[in-house]
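**Student:** Now for the letters of each chain:
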Amino acid sequence: MNRRPWVLGAVVALVFLFLYAPIAWLAIASFNSSRSLSRISGFSLQWYAELLDDTRVFASLQLTLQLALASAAISTVIGTLAAFGLRRAFPGRGLWTVLLSLPLVVPEVVMGVAMLGFFVRLAGIPLGFGALLFAHVAFSLSFVVVVVRSRVSGMDVRMEEAAADLGASPFVAFRTVTLPLVAPAVVAGAAFAFLLSFDDVVISSYLTGVGSTTLPVFVYAQASKRGISPEIVALSTLMVTATALLLIIGVLFASWRARKTGSAAKLAV
Amino acid sequence: MLRRWLKANALLAPTGVWLGFFLIAPLVVVVEFSFATRDTGVARAVLPWTTQAYLTALDPAFLPIFGRTLLYAGATTVACLLLGFPLAWFIARYGGRYRTALLAAVLIPFWSSYLARIYAWKALLDGEGLVNTVLGWVGLDRDGGFLLTHGAVVLGLTYGFLPFMVLPLYVACERFDVRLTEASYDLGHGRVSTFFRVVLPGVRSGVLAGSLLVLVPAAGDFVTPKLLGGVEQSTFGSVIDDQFRGGNNWPLGSAMAVLLLVLVVFVLVLRGRRGEDVL
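Chains as they are written, first to last, in full-length UniProt numbering: chain E, 1 to 269; chain U, 1 to 279.
Quick caveat, the hints were computed from the structure, so don't treat them as lab data. There's no promise every hint is true.
[Unchecked claim] Short derived list, chain U residues pointing at chain E, Cβ under 10 angstroms:
(1) 29
(2) 86
(3) 102
(4) 107
(5) 113
(6) 116
(7) 118
(8) 119
(9) 126
(10) 164
(11) 198
[Claimed, not checked] Once the Cα atoms are required to be at most 20 angstroms apart in a straight line, the calculated EDC-like pairs of lysine to aspartate or glutamate come out as:
(12) 225/E x 242/U
(13) 225/E x 54/E
(14) 7/U x 160/E
(15) 225/E x 232/U
[Stated by the list, open to error] Partial list, derived from the structure: chain E residues whose beta carbon lies under 7 angstroms from chain U:
(16) 12
(17) 22
(18) 23
(19) 70
(20) 84
(21) 85
(22) 96
(23) 109
(24) 110
(25) 113
(26) 220
Note that CB positions come from ideal geometry on N, CA and C, so glycine has one too.
Given the sequences, and given the hints that come with them, work out the whole structure.
**Tutor:** In structure tokens, the structure reads:
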């Protein structure tokens, strides 16, 4: 019954073409010598040169990076704790699961306007970096929990019990046994949180204050006003390349860890 | 038992506090706003309590927008299922040691800038774009390209949300015992019958979780319809956005946000506990 899946393979190849064609086109268009994105007329680096001269882009890039790092750090720490909290069954675990699934299913526009209303009217939190950070952690947390939890729940409790039997204190057992086992998932969760924050348009667009525009919000505002500028396409190409590299490094790191710890456990990417 | 309960809740407490303050409280405030009176001044929503915003939101004038939003979200979910299932099945069954790499390959475009991906489609679907040019070779091109059509919006949404479908489907396909299909063939079922009676029920939890992760966010998205569909294709999300962005009518925007939340709760209840282990 093991027919070779030619048809399936062909369909999968087409889906991958669908996934990569737009990205490839973007990269090609960023080297275009004319302003057009649809017609390629020659090779040029002028859009990259203009991008490097644009101080507004770099100011918002810096803010976006700081925000993404802070958000990833906070959500990774408290999300990992939560994943461990959900490890064993206890009364009320179902409720926690529902709470944690909310950020995954509530549409971004609803979260955005809700946070705008709450921060401005009731909490008195000024729009800007602080408001952005509160919001970004709130929508990234669940992704960290999902990723880390999948690893934690697949872990063999007997490994930690063995450590305890051999005389390790709970702290030592955690540091030498538990932590190395969940590390790949924690790294994956942190990368997830970083990129979610780095790429967010909708929620951030409600919460940016004067002088605290994140890069995606800046790009969105530019695009709605004047259409797509080739400079932004060049920037997008750089961002695509950077995120792809980050992901590849992450996968390599995770598989290196997996080989080192000798476990064939699946990666929690 | 009590100790275990205390320990679990202590570990979950920071998350609970954060989500309570910055997610639940804002959602409660939206419900409150939806019953407020519109104020054109700075406050934008004031007393007395009224259901006026809901009456406006349910006005027949908004019906086409409701319908369009559901159409986009539904079509996007179906398209993601049709593209995502072969992909997830292939990676889980035939991926071998390249599984992780293949999954990562699905995720890389997803992690490129969301706006950049929409721009790329804008360029490709333009009248002079690559899609129209290639279709022109076989005489299927369209004057002015495919921008500003329903198809363009569904395409853009499908592209944006496909990974959310593939990941839960992959988990379900990986867990599915392939010997069941062999048993089905041995018992005389054909390929079609095996697919619908054995495979599909087997990966049900993945289908449900994936559909949930695609349907609801797609119903709320307004950036994709705005950039690929233009003003004529406004959706529920973009109407909410308009009410807040211009400070036009916070109570109306809130009432519509609450209606969208009701849809979320409805879908969650409909799904029941079936897909919980995947999500």
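**Student:** Does each hint fit the structure? Answer for all of them.
**Tutor:** Hint check:
1. Of the supplied interface hints, the one on residue 29/U holds, with its beta-carbon coming within about 5 angstroms of a beta-carbon of chain E, less than 10 angstroms.
2. Against a cut-off of 10 angstroms between C-beta atoms, the interface hint on residue 86/U holds, since the closest Cβ of chain E lies about 5 angstroms away.
3. Checking residue 102/U against chain E by beta carbon gives a least distance of about 9 angstroms; that is within 10 angstroms, so the hint holds.
4. Interface restraint check: residue 107/U against chain E, minimum CB-CB distance 6 angstroms, threshold 10 angstroms, status holds.
5. For residue 113/U, the interface hint holds, the least distance from its beta-carbon to any beta-carbon of chain E being 5 angstroms, beneath 10 angstroms.
6. Given hint, residue 116/U at the interface with chain E, holds; its Cβ is 3 angstroms from that chain's nearest Cβ, closer than 10 angstroms.
7. Annotation: interface hint on residue 118/U holds; nearest CB of chain E at approximately 9 angstroms, less than 10 angstroms.
8. Interface hint at residue 119/U: satisfied, since its Cβ lies 5 angstroms from the closest Cβ of chain E, which is below the 10 angstroms cut-off.
9. Interface restraint check: residue 126/U against chain E, minimum CB-CB distance 4 angstroms, threshold 10 angstroms, status holds.
10. Checking residue 164/U against chain E by beta carbon gives a least distance of about 9 angstroms; that is within 10 angstroms, so the hint holds.
11. Hint status for residue 198/U: violated, given a least beta-carbon distance of 13 angstroms to chain E, over 10 angstroms.
12. The suggested pairing of residue 225/E with residue 242/U holds, with an alpha-carbon distance near 16 angstroms, which does not exceed 20 angstroms.
13. Simply put, residue 225/E and residue 54/E have alpha-carbon atoms about 18 angstroms apart, close enough for the 20 angstroms limit, and the pair holds.
14. The hinted pair formed by residue 7/U and residue 160/E meets the criterion: a straight-line CA distance of about 17 angstroms does not exceed 20 angstroms.
15. Restraint check for residue 225/E and residue 232/U: the C-alpha separation of about 17 angstroms stays at or below 20 angstroms, so the hint holds.
16. At a threshold of 7 angstroms, the smallest CB-CB gap from residue 12/E to chain U is about 5 angstroms, leaving the interface hint in force.
17. Taking 7 angstroms as the C-beta cut-off, the interface hint given for residue 22/E holds, the closest approach to chain U being about 3 angstroms.
18. With a cut of 7 angstroms, the hint placing residue 23/E at the interface with chain U holds, because the nearest CB-to-CB distance is about 5 angstroms.
19. Evaluation of the residue 70/E hint against chain U yields a violated restraint, the C-beta minimum of about 13 angstroms exceeding 7 angstroms.
20. The interface hint given for residue 84/E is met, as the beta carbon of that residue sits about 5 angstroms from the closest beta carbon of chain U, less than 7 angstroms.
21. The closest approach between the C-beta of residue 85/E and any C-beta of chain U is roughly 3 angstroms, which is under the 7 angstroms cut-off, so the hint is satisfied.
22. With its C-beta approaching chain U no nearer than about 6 angstroms, residue 96/E sits inside the 7 angstroms limit, and its interface hint holds.
23. Taken as an interface hint, residue 109/E checks out: its beta carbon lies about 4 angstroms from the nearest beta carbon of chain U, inside 7 angstroms.
24. Hint status for residue 110/E relative to chain U: holds, with the closest Cβ pair at about 5 angstroms, below 7 angstroms.
25. Interface hint at residue 113/E: satisfied, since its Cβ lies 5 angstroms from the closest Cβ of chain U, which is below the 7 angstroms cut-off.
26. Satisfaction of the interface hint for residue 220/E is found here, the shortest Cβ-Cβ separation to chain U being roughly 6 angstroms, below the 7 angstroms cut-off.
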